[in-house]
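> So you can see what is in the structure, the chains are spelled out below.
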Amino acid sequence: MKISDSYAAHQRAVLGYCSLILILGAWEFLLTYVFPVNPFFFTKPSLIAAAFADQIAGPKLWHDLAVSSRAFLWGFSFAVILGTPLGAVMGWRRRVEYTLDPFLTAMYASPLVALAPLLIVFLGVGLLGKAVLVFLLAVFPFIFNTAAGVKSADPLLINVIRSFGGKEKDLYLKVILPSTVPYIVAGMRLAIGRGLVGIIVGEFFAASEGIGFAIQNYGDTYRLPEMFVGIIMLAVIAVLLTEIMRKLEITLAPWRAGEEVR
Amino acid sequence: MPPFIRAADITLVFKSKNRDPVTALNKLSLEIAKGEFVSIVGPSGCGKSTFLNLLLGLVRPDAGALQMDGRTITGPGQERAMVFQEFGLLPWRTVTANVELGLELKGIAAGKRTERAMELIKLVGLEGFERHYPHELSGGMKQRVGLARALATEPEVLLMDEPFAALDAQTRDLMQMELLQIWERTRKTVLFVTHSIEEAAYLSDRVIVMTARPGRAKQIVNIGLPRPRDYEMRLTPEFNDIKSKIWDVLKEELTIVK
Chain L
1 MKISDSYAAH
11 QRAVLGYCSL
21 ILILGAWEFL
31 LTYVFPVNPF
41 FFTKPSLIAA
51 AFADQIAGPK
61 LWHDLAVSSR
71 AFLWGFSFAV
81 ILGTPLGAVM
91 GWRRRVEYTL
101 DPFLTAMYAS
111 PLVALAPLLI
121 VFLGVGLLGK
131 AVLVFLLAVF
141 PFIFNTAAGV
151 KSADPLLINV
161 IRSFGGKEKD
171 LYLKVILPST
181 VPYIVAGMRL
191 AIGRGLVGII
201 VGEFFAASEG
211 IGFAIQNYGD
221 TYRLPEMFVG
231 IIMLAVIAVL
241 LTEIMRKLEI
251 TLAPWRAGEE
261 VR
Chain C
1001 MPPFIRAADI
1011 TLVFKSKNRD
1021 PVTALNKLSL
1031 EIAKGEFVSI
1041 VGPSGCGKST
1051 FLNLLLGLVR
1061 PDAGALQMDG
1071 RTITGPGQER
1081 AMVFQEFGLL
1091 PWRTVTANVE
1101 LGLELKGIAA
1111 GKRTERAMEL
1121 IKLVGLEGFE
1131 RHYPHELSGG
1141 MKQRVGLARA
1151 LATEPEVLLM
1161 DEPFAALDAQ
1171 TRDLMQMELL
1181 QIWERTRKTV
1191 LFVTHSIEEA
1201 AYLSDRVIVM
1211 TARPGRAKQI
1221 VNIGLPRPRD
1231 YEMRLTPEFN
1241 DIKSKIWDVL
1251 KEELTIVK
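From first to last, the protein sequence lines stand for chains L and C. Okay, so the first sequence: first residue is 1 according to my numbering, each after it adds one. Okay, so the second sequence: first residue is 1001 according to my numbering, each after it adds one.
These are computed hints drawn from the structure, not numbers from a lab. Predicted, not measured: the structure shown is a model, and the values here were computed from it. Careful, some of the hints might be misleading.
The list that follows gives simulated cross-link-like pairs (lysine-lysine, DSS-like), each with its CA atoms no further than 30 angstroms apart [as the list claims (entries may be wrong)]:
#1 L:Lys151 / C:Lys1106
#2 C:Lys1017 / C:Lys1106
#3 C:Lys1218 / C:Lys1251
#4 C:Lys1034 / C:Lys1015
#5 L:Lys169 / C:Lys1112
#6 C:Lys1106 / L:Lys169
#7 L:Lys151 / C:Lys1017
#8 C:Lys1218 / L:Lys167
#9 C:Lys1251 / L:Lys167
#10 C:Lys1188 / L:Lys44
#11 L:Lys167 / L:Lys151
#12 C:Lys1112 / C:Lys1122
#13 C:Lys1188 / C:Lys1027
#14 C:Lys1017 / L:Lys169
#15 C:Lys1106 / C:Lys1122
#16 L:Lys151 / C:Lys1245
#17 C:Lys1027 / C:Lys1245
#18 L:Lys167 / C:Lys1245
#19 L:Lys167 / C:Lys1017
#20 C:Lys1015 / C:Lys1027
#21 C:Lys1027 / C:Lys1106
#22 C:Lys1027 / C:Lys1218
#23 C:Lys1015 / L:Lys169
Chain L on its own, in the form it takes in the complex:
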C-alpha cells in the first residue's frame, strides 16, 4: 500500500533512475565478465568512477573547465548582446527581416563548426578564436527567437493599450517586451547547447588547455577513463544549464508552461 503509493507518485523518477543504473550495471558486467577487453581500447564505469574521484581532487580538471568557461561566457554574452536587439529589429521592421532572413537562415542551418579551422587561422589558438566560434553558433537562436517573440505580440493587446490612451512607449514596455522575454529564454536554452559544441570543437582543433582539449588529449593517449570524465562533466553542465533555463521559462512565463514539449 505505502510502497505502491509512493511509486505512483514518483514513477517518472524511479523508472528514469532504474534505467540509468541498469545500463551502467550492464556495461560494467559485460566488460568485466563477458568481453573482458583490453582497457586500452574500451573502459567501464568502475574505472571511470576511479578516474573521476582522482580528477575532481586535482587542479587540472578545474583549470580546464575554467579556461573553457571563460571562452564560453565571452561568446555567449556577445551572442545575447548583439543577437537580441538584432532579432527585435527584425521582428518589428518587416523590411529588415526580408533583407537579412535568407542570409541568417542559411548561416543558422549550416554546420558552422566547419568554420573552426578558418577562425583559428584568422584569430589564432586561444580565447578569441574559441569565443568567436561560440558566438557564431549561439547568436542565431537569440536572433530568431527574439524576432519570433516580437512578432508574437498579440494585436488585440496592442489595441487594448491604445484604447486606454497608451503611447508607443507603452506598447513596447507593456506588451512587446513581456511577450518576447519567454522567447529569449527559450532561445537561451537552444544557444547553450550550440555554444557548448562551439567550445569543444574549437578546442579539438587547436588548444593547449580547456575541457575540449583534455578530452581530445586523453583520447589521443588512450586514457579512456579520464576522457570519459571530461565527457561526463560536459553532460552534467549541459543538463544543469538547460534545466535552469527551463525553470526560468516557467517562472517568467507561467502561462506558457506546457505549450512546448522540448
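Assemble chain C onto chain L, guided by the hints.
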C-alpha cells in the same frame, strides 16, 4: 439639449493594397442619451464592431460627424472604455495588475490604483482571485476582469464588443444578470454589440438593428420593459413579442447576406 452621443452620416471604407475597397459603414446615423443601455444587432460583417472602434477612437471615419457630449471624437479618451470579446487581458499580469492597467496608463499613483482595483474586483465578484493570472481563470472570470478594467478608469461610456460571445450559455446568462446589476448601480451609458437578439432585448433600453454591409441603422426597437429585470422576465409573452419584432427586422438582412 444635444444628444450625449451623436453619429451623423458616418461612412467608413476599408482600403487595402491588393483588394477592392470595402464600404463597412454607409451613412450610419444614431443618437444615444446619457445613461442609456443600447444594443446593436446585425448580420455578421455589418460593421457593428467597427462602429465601436470608431467610438473608442481607434479608427477615424471617412465622412460624417461623431460626437460625444458635443465634442468630436478624435482619439481614445478616458471617458470611453471597451470590454473586448476575447478579453484582451495581459497574460503576464495578475488580476489586480490587469484591472490597474488603464489607471496606470493614465498615470495614477500605485497606491491609489490598487485601492481602486480592489473596489472593482469586489464589484465584479472576484475577491480572492486578486493574485491569480488569467490562465488560471475561467472564461467568465476573465471577462469579469475585463469589465473591472474598463470600469476602473471611471468612463462615462462603456463599449462592449460581444463581451459574452466566448462564454458558455450558462455563464453567459449569469454574466448578463450581473452586468444588469452593475449597470443599475453605476448607470453608465452602455453600447453593447451582440449577435443574440435575446441578449439585446434582455439588457437594453433600445436595440438598434443594422443592415447588412455596408451597415447603417435600419430600425430602432424600443424595449420598454420595466426594470430591474430578472431572468423570469425572459419567459413572459411580452418579452417574446419584442424578440420576434427584432427578428422580423433582422431576418430580411440575413437573407440578403445569404
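> If you check each hint against the structure, which ones fail?
2, 4, 8, 9, 10, 16, 18 and 21
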